[in-house]
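There are 6 protein chains.
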Amino acid sequence: MTRNKTALVISAHAADFVWRCGGAIALHQQAGYEVTIACLSFGERGESAKLWKQEGMTLERVKDARRAEAAAAAAALGVHDIRFLDLGDYPLDLGADAKARMVDIIREVQPAWMMSHSRWDPYNTDHMNTTQFALECRMIAQAWGHNPGQKVLGAPQLYLFEPHQTEQMGWKPDVFLDITPVWEKKRAAIECMAGQEHLWSYYTNVAENRGNHFRRNSGGQAGGRDCRYAEGFQSVFPRTVDEL
Amino acid sequence: MTRNKTALVISAHAADFVWRCGGAIALHQQAGYEVTIACLSFGERGESAKLWKQEGMTLERVKDARRAEAAAAAAALGVHDIRFLDLGDYPLDLGADAKARMVDIIREVQPAWMMSHSRWDPYNTDHMNTTQFALECRMIAQAWGHNPGQKVLGAPQLYLFEPHQTEQMGWKPDVFLDITPVWEKKRAAIECMAGQEHLWSYYTNVAENRGNHFRRNSGGQAGGRDCRYAEGFQSVFPRTVDEL
Amino acid sequence: MTRNKTALVISAHAADFVWRCGGAIALHQQAGYEVTIACLSFGERGESAKLWKQEGMTLERVKDARRAEAAAAAAALGVHDIRFLDLGDYPLDLGADAKARMVDIIREVQPAWMMSHSRWDPYNTDHMNTTQFALECRMIAQAWGHNPGQKVLGAPQLYLFEPHQTEQMGWKPDVFLDITPVWEKKRAAIECMAGQEHLWSYYTNVAENRGNHFRRNSGGQAGGRDCRYAEGFQSVFPRTVDEL
Amino acid sequence: MTRNKTALVISAHAADFVWRCGGAIALHQQAGYEVTIACLSFGERGESAKLWKQEGMTLERVKDARRAEAAAAAAALGVHDIRFLDLGDYPLDLGADAKARMVDIIREVQPAWMMSHSRWDPYNTDHMNTTQFALECRMIAQAWGHNPGQKVLGAPQLYLFEPHQTEQMGWKPDVFLDITPVWEKKRAAIECMAGQEHLWSYYTNVAENRGNHFRRNSGGQAGGRDCRYAEGFQSVFPRTVDEL
Amino acid sequence: MTRNKTALVISAHAADFVWRCGGAIALHQQAGYEVTIACLSFGERGESAKLWKQEGMTLERVKDARRAEAAAAAAALGVHDIRFLDLGDYPLDLGADAKARMVDIIREVQPAWMMSHSRWDPYNTDHMNTTQFALECRMIAQAWGHNPGQKVLGAPQLYLFEPHQTEQMGWKPDVFLDITPVWEKKRAAIECMAGQEHLWSYYTNVAENRGNHFRRNSGGQAGGRDCRYAEGFQSVFPRTVDEL
Amino acid sequence: MTRNKTALVISAHAADFVWRCGGAIALHQQAGYEVTIACLSFGERGESAKLWKQEGMTLERVKDARRAEAAAAAAALGVHDIRFLDLGDYPLDLGADAKARMVDIIREVQPAWMMSHSRWDPYNTDHMNTTQFALECRMIAQAWGHNPGQKVLGAPQLYLFEPHQTEQMGWKPDVFLDITPVWEKKRAAIECMAGQEHLWSYYTNVAENRGNHFRRNSGGQAGGRDCRYAEGFQSVFPRTVDEL
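Protein chains in written order, with this note's numbering: chain A, 1 to 244; chain B, 1 to 244; chain C, 1 to 244; chain D, 1 to 244; chain E, 1 to 244; chain F, 1 to 244.
Quick caveat, the hints were computed from the structure, so don't treat them as lab data.
Take the hints with a grain of salt, since some may be wrong.
One copy or two, either will do: identical chains are not told apart, so a pair holds if it fits within one copy or between any two.
Think about it this way: if two alpha-carbon atoms lie no more than 30 angstroms apart in a straight line, the pair counts; the simulated DSS-like pairs of lysine-lysine are [what the hints assert, rightly or not]:
#	residue 1	residue 2
1	Lys53	Lys172
2	Lys5	Lys151
3	Lys99	Lys5
4	Lys53	Lys5
5	Lys99	Lys53
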């Protein structure tokens, strides 16, 4: 693998990248990728209930706390770069300015693959709007006439990481990634999320059970590949290969 | 790649493997795989119209002609082995005996991947019944208590090759395979199908256009991988990987 | 329109053709088609509750009563021919013999279009099995090597008529047929079904409301075609046309 | 609740009922239901790998071991009745005899609700064939002309319990059941499955995470119902209610 | 049932709540719920053809007429409260202001359940946009950081009421509500809609036929619950229960 | 056919109408229809890579070149009218002004049928947004209260023309149109697209293979209608007919 490969994760709220693809991030960083995370918001209004229950809380203080958590988690994963677009949440403002900024990031990063949320999420429209936004920005970044002279984007895969309550979102993983080698890093990142402690064991369970799915799909009862922790992803686009 | 990898194609009628995955077969043979083709029938009743229009035709003569064509096509593709199960067609007889024979073949071959038809085909119920049959036989071959002592099957991918009129079958390819290096072999195999000359240009067009899809998905307007001929496949099971 | 056009309705139980496509039958008969109905069973066990509640009822008496009703309804619709295959119901026996008989009928009739049940019906597996059976028999009837010398079948549309509780069956009509000119015949046929009087108003309501759908889709609020009664059908296969 | 309510679980292999609905069984038993489990097979060939790896194992010994495990698990859950139909597995024999026996059981039990597998399972065709079988037998049991004089079945809900790898099966739960009060019983039943110890923690994780889903859907961040363990089910049929 | 339960119906145009859930509204009011209806528009441009055909009609006069009809219908149903947001129709303006107002209403009402349109409606994009809007506002109302200090929303079910031409909208009811006790009120409300008299019998037919579906699903041929009029709803979220 | 029939094609970018429905346009023009094409943009940024690779290219020059190509192609097809809305591309600006202009065009044209893109296109969000836009404008054009006094729109079919990579878009054709009589015109129009020469043979292959599908669906092996070139379309709305 070349040292220069890059990847881009688009996370609607500050913590999404931790639960949903922290392992993929750490694993690819460790393998020499430079992974950039774009946090569209801090989840300051919608995903910070614990903070808001404190006396005298303000929006800025919530943002600061969430930013600090996310930065710490990114550090635990060894992330190359994390950007906070501060677009507001519940709902996200994904208008023309947001698109322009995101397209700039995509072109700057030139990712080998991108990652975002599920296509449908009735619990959280920010999530599905982010996916639509990611597709639109990917398209714009491919346009030769958008900021002519910049390097245009190729055709990176868009992976959809695991949502909460997968079946309600119509999300179906088609690839499982063995994250056993970096599990300790993901767990450390998870533990940075002080405000959402109720999710620590939830996503540890998920990682263990996805490990079971990895073993099943790599060999079944005949003896699959030993894997203790995994993450699942759904691909939007078909792959192109030289061998099946 | 090791020399010993194997693959198994389950083809409802004698010619299906040629149009739908001839390139994949030739490419993997060339790369050192041993590919086995199981033709469940000769397509003797349902896919031999041209022969039946001849005077004094009999079922045996049709079978012989179709077997000869299929064998010639297999040779053109460099196939390791081709088996004719002679189960009858329109409809196929996929009862207990057929299952037992197919499970034996699967266990003997121990394929790294398997291949069959689309899940739905209102034009041709033999096709979709074959896919169901393939799934059932794969399951039986994995059972430790089926013919105990034999080597049980692992968890090979089941690829669904391209049906005629893809959209009507609800078939969606998730992987494109570059068959440019073996296109001449596939075309030669196609030309063995004397009775279905009307399909020669059809499947040449398909291969060219799938080449376009390969280029698009490997790089888009920014310049994808040069590929002139491709085949598409739909995966039934998720993949397990160490890198996205 | 030529006098010789034909159509074939495959009805799992004796009464299905009345509720679900009685209008289509009467309308096409009136327009010069010769419509044949194949009743696979009398619905003697599963759809004759009212008869079975009578003292001393026997299977034969139920069959006779149901046959008489169906024949009367067919007469009311002006049907060319009705066949009772007597395959048993709940469940239907759709084995090799049944297939052979049905293929013979299809080839004899050479229908311009065929009609059967919805693809999915969790309430009544006879219905969905009949659709699968119709597709399989259609395929066999197209095979040049099945009973060589007989005239093979072309590619008639298979329409799926309206099931009970359409949404539960995943049935979606793509064509509405104006049956206003023959509504009185359909209503007369409905009234032949003495054992299922609770359905008379139900299917009258359906016909009225489908008339509303016809009006909507033929012109909307701007003034659609005046139509008081209609039936809806789902097409399995694409159409081929010279004008949109 | 009346003491006489009954329920029927149709389990393809001996252990399915434990992992997938052990909590529902124990909870309803505790609430006064009489729950009957119909094990179509012992999973003797396909789900007993650990036993088959022992020297000198025979089919009968495997069956005996699996029967003992299942019976112990049923006892741990407080099950009213468990029946072993011994239809063979991988594949199940679900022919006319099996149907007749199952219909008899359904009519005998007269369940308020039934339970079975997911509609689709490419890993295990026994599972999806069992669901189809359950629907067909339910239909037959409703027929007034099937064994006239017996009490016919009403319209019990058919719940589909949680398959392994839910997303691959297209299974979507629409109801979560709080099994916290009986979790110890379910865990005890799980531990009866000596041959599948690798699944103990897997299904404990599932129960914990479904508990999270229960909390989310009963109140979200505003404070849902405290629930530590849950099971999810997909309903085949619509409900009928007097209040939303 | 407590007297204080509340519910919220979000209706794109003035009359939608009458046809689609008038029975649910009247029934729950009668049972002690306080039901609030939010009419996003009067349907003044798109659903008032009859008025516009009068000489000298103006937008304000249409709005007044439609408001009066809706208010009369609400009164007939015994509605607790009806709000007219006057957002314009064809198309609705569902921007930031509309969201803020709707979130305020949701938080004020604190509904036990919410209700809106189908997810897809190619005939009427106002309908599907309203559903998306309802989901987004529900999410915002759950955010602790949105107008901190207000009581945040729990996790109410969102029911999708019956659209016109259900099959075209991909709408599938999973619950039927017996509205027989309040049918006269619903019919009275329907008759308030002077401008849409062509729909009176249409939705009476719907209510009768949904009554049939209620009977089928509550007992089938064995004798379901007597119900003469019903309404169907599709649930967006899973339920949480203590008994199946 | 009357001379006055009209049709309206809504094309996201300048060239879409050529590849995807050039045959339908030419055929209906030849049959006496007046076909209007509304090009929402020139595809100036996103679909003009070849031009942008030239030195000193400007947005205006690209637009001019693309407009000239599209106009030439329209002339080759014998188009009645082509309008360039110049809404910008990648992404299109489909706001209130765009809607107002499009509704005016729809009402002016009063099309017997409309045509646009597929419902889903992850590669190109302009395409799917155009379809949503077309549905919304169709709805507004039907509203009696929108610009009262104008002639309101009826209920024209909306056909979805063939996207690139049909299976990825979930597009399924339900009607095939024989374009053999106008193939030379379509090919001439295709050759006007100097900047996208790599697509000439691609869409010639498509037309040939759709011809095969036309033959299959009009008669199968028994001998379908001779057709060498065809186009496929998906209908959004059901048809209303007097004969099946």
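Hint-by-hint comparison with the structure:
In this assembly of identical chains, the alpha carbons of Lys53 and Lys172 never lie at most 30 angstroms apart, being 35 angstroms within a copy and 34 angstroms across copies at closest. Taking CA atoms no more than 30 angstroms apart as the test, Lys5 paired with Lys151 passes inside one copy only; the shortest distance there is 16 angstroms, against 41 angstroms between copies. Only within a single protomer do Lys99 and Lys5 lie at most 30 angstroms apart by alpha-carbon distance; the minimum there is 24 angstroms, versus 42 angstroms between protomers. Proximity of Lys53 and Lys5 under a CA criterion of 30 angstroms is satisfied inter-copy only: 26 angstroms between copies versus 42 angstroms inside one chain copy.
Taking CA atoms no more than 30 angstroms apart as the test, Lys99 paired with Lys53 passes between copies only; the shortest distance there is 24 angstroms, against 33 angstroms inside one copy.
The structure does not agree with numbered hint 1 stated previously, though it agrees with all others.
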